[in-house]
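2 protein chains.
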Amino acid sequence: MADEMGGQQPTKHQRIADDLKAAITAGDYGPGDRLPGENALAAQYNVAALTARQALKLLRTEGLIETKKGAGARVIAFHPIRRHSGLHGPPAPQGAGMSIREADEDRNTTIDVSVQKAEAPAQVAQALGLSEGEFVCIRSRRFIVDGRPVRLESSYFPLALLGGSALPVDLGEGSTHAVLSEFGHAPVHVREEVRSRQPTLQEATALGMPLERSVLKVHRIAVDKDGRAVEMSDTTLDSAAYVLSYGFDV
Amino acid sequence: MADEMGGQQPTKHQRIADDLKAAITAGDYGPGDRLPGENALAAQYNVAALTARQALKLLRTEGLIETKKGAGARVIAFHPIRRHSGLHGPPAPQGAGMSIREADEDRNTTIDVSVQKAEAPAQVAQALGLSEGEFVCIRSRRFIVDGRPVRLESSYFPLALLGGSALPVDLGEGSTHAVLSEFGHAPVHVREEVRSRQPTLQEATALGMPLERSVLKVHRIAVDKDGRAVEMSDTTLDSAAYVLSYGFDV
Chain A
672 MADEMGGQQP TKHQRIADDL KAAITAGDYG PGDRLPGENA LAAQYNVAAL
722 TARQALKLLR TEGLIETKKG AGARVIAFHP IRRHSGLHGP PAPQGAGMSI
772 READEDRNTT IDVSVQKAEA PAQVAQALGL SEGEFVCIRS RRFIVDGRPV
822 RLESSYFPLA LLGGSALPVD LGEGSTHAVL SEFGHAPVHV REEVRSRQPT
872 LQEATALGMP LERSVLKVHR IAVDKDGRAV EMSDTTLDSA AYVLSYGFDV
Chain B
672 MADEMGGQQP TKHQRIADDL KAAITAGDYG PGDRLPGENA LAAQYNVAAL
722 TARQALKLLR TEGLIETKKG AGARVIAFHP IRRHSGLHGP PAPQGAGMSI
772 READEDRNTT IDVSVQKAEA PAQVAQALGL SEGEFVCIRS RRFIVDGRPV
822 RLESSYFPLA LLGGSALPVD LGEGSTHAVL SEFGHAPVHV REEVRSRQPT
872 LQEATALGMP LERSVLKVHR IAVDKDGRAV EMSDTTLDSA AYVLSYGFDV
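Keeping their order, the protein sequence lines are chains A and B. So the first sequence is numbered by the working numbering: it starts at 672 and just counts up by one. So the second sequence is numbered by the working numbering: it starts at 672 and just counts up by one.
In isolation and in its complexed conformation, chain A is listed as follows (with noise of 0.2 Å):
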């Protein structure tokens, strides 16, 4: 197979991007604070100011640094949030929801909420063993932490498992282990895929990042004590406001 890197240029802004990251991930530069600007980058590595400024776009884009008119490129301050699955130092607290948990929970999240009855799509249906035309539950949320968009969230829930035709009144809340442990169906096994990709418009659009700037993607299923698949979800999360850690034996 052909090197799909073909004809592309390794240019010089490539290269110092990579030193600035290195120094940023080593720590020499550390949270707000700020970088060299376009001019002294361009003399320390003897290269045009247009030359230095794709390399601060390049950090800009991977969401290392925020840049403001007048105020130059600063370290963002953003770290990124730890999310813990599987077997994972302290166990999680009872009821915090199907061991996955994330860390810095003491930071200001709100999340947008919207639940909707309808028939499973085909991929749906098949990763829950429902028939065509059976409903789901779709609860679809939207996370922003300390004010920026971090995570889109689509779960399936069987409607048959919650109790009924009609949506259970109070799904926007609460974890997704409580919902469904609410209705005798608690989630004893998951198995997560995870994948990267760079986003679409509507996921970058939603998060409010670049769309050069790739997103982090976990397909989730949940299985009940008789093996029933009981929650399918989708997560599109902001690959530079996330980190994913999973604990297992072996």
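A hint or two may mislead.
Chain B side only, calculated, beta carbon under 10 Å to chain A, not exhaustive [stated by the list, open to error]:
id : residue
1  : GLN794
2  : LEU801
3  : GLY804
4  : GLU853
5  : VAL859
6  : GLU863
7  : LEU872
8  : GLN873
9  : HIS890
10 : ALA911
11 : VAL914
12 : LEU915
13 : GLY918
Derived by calculation from the structure, the hints in this document are not laboratory data. All C-beta atoms in this analysis are idealised placements derived from N, C-alpha and C, irrespective of residue type, glycine included.
Place chain B on chain A using the hints.
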């Protein structure tokens, strides 16, 4: 915090690319299938041929299609490698290594290996609980599947655990699990942290992938039965080539 999308103009080519992506995901176009050409897309969406070309370039960047002069654009035939970790369906075969296994093991895989001895870099020393100046064995591997480089992995082992001051001769072969078991330090617990970001120039070059496509980064620490960190590894995956699957009880 300001919306990072800022002045970015959602463009027509992104919408066309999103449509084509959805069609590929839905299976309307299968592996090897030819997509409509620039002119056909331009006519269908009533846009300039350049706009259609930009849409196809986006799909190429994401690793969904390959384009060849005169042959148009085809859906890529390489299907992603599924890497299973944790509790996941049928148990892993004995000694398969750390409960992590890759499906499709019949695929043609080549591994470039280099092994060296070095003082532990600061970040490695911290992760492995080593003192300054202690030696580690570093095994660097590049995995090539069906002719395509897909994965870079650097594993760090405390040299003291590997029987002394000389490098074990056969360290280049075998799974991490097998290597450590041989010296009585079989890992029993693993924690992996998953991130996504754009590749560095060095990573993109080694993986032969475009700088515009993201990589998955996996940072792993393995612990033996005495709670001692016996391996740290840093893995870089072409995001178009991998799906990470984690199973766990809740």
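The hints, checked one at a time:
| no. | hint | verdict |
| --- | --- | --- |
| 1 | GLN794 | holds (8 Å) |
| 2 | LEU801 | violated (18 Å) |
| 3 | GLY804 | violated (19 Å) |
| 4 | GLU853 | violated (16 Å) |
| 5 | VAL859 | holds (6 Å) |
| 6 | GLU863 | holds (5 Å) |
| 7 | LEU872 | holds (5 Å) |
| 8 | GLN873 | holds (7 Å) |
| 9 | HIS890 | holds (9 Å) |
| 10 | ALA911 | holds (8 Å) |
| 11 | VAL914 | holds (5 Å) |
| 12 | LEU915 | holds (4 Å) |
| 13 | GLY918 | holds (5 Å) |
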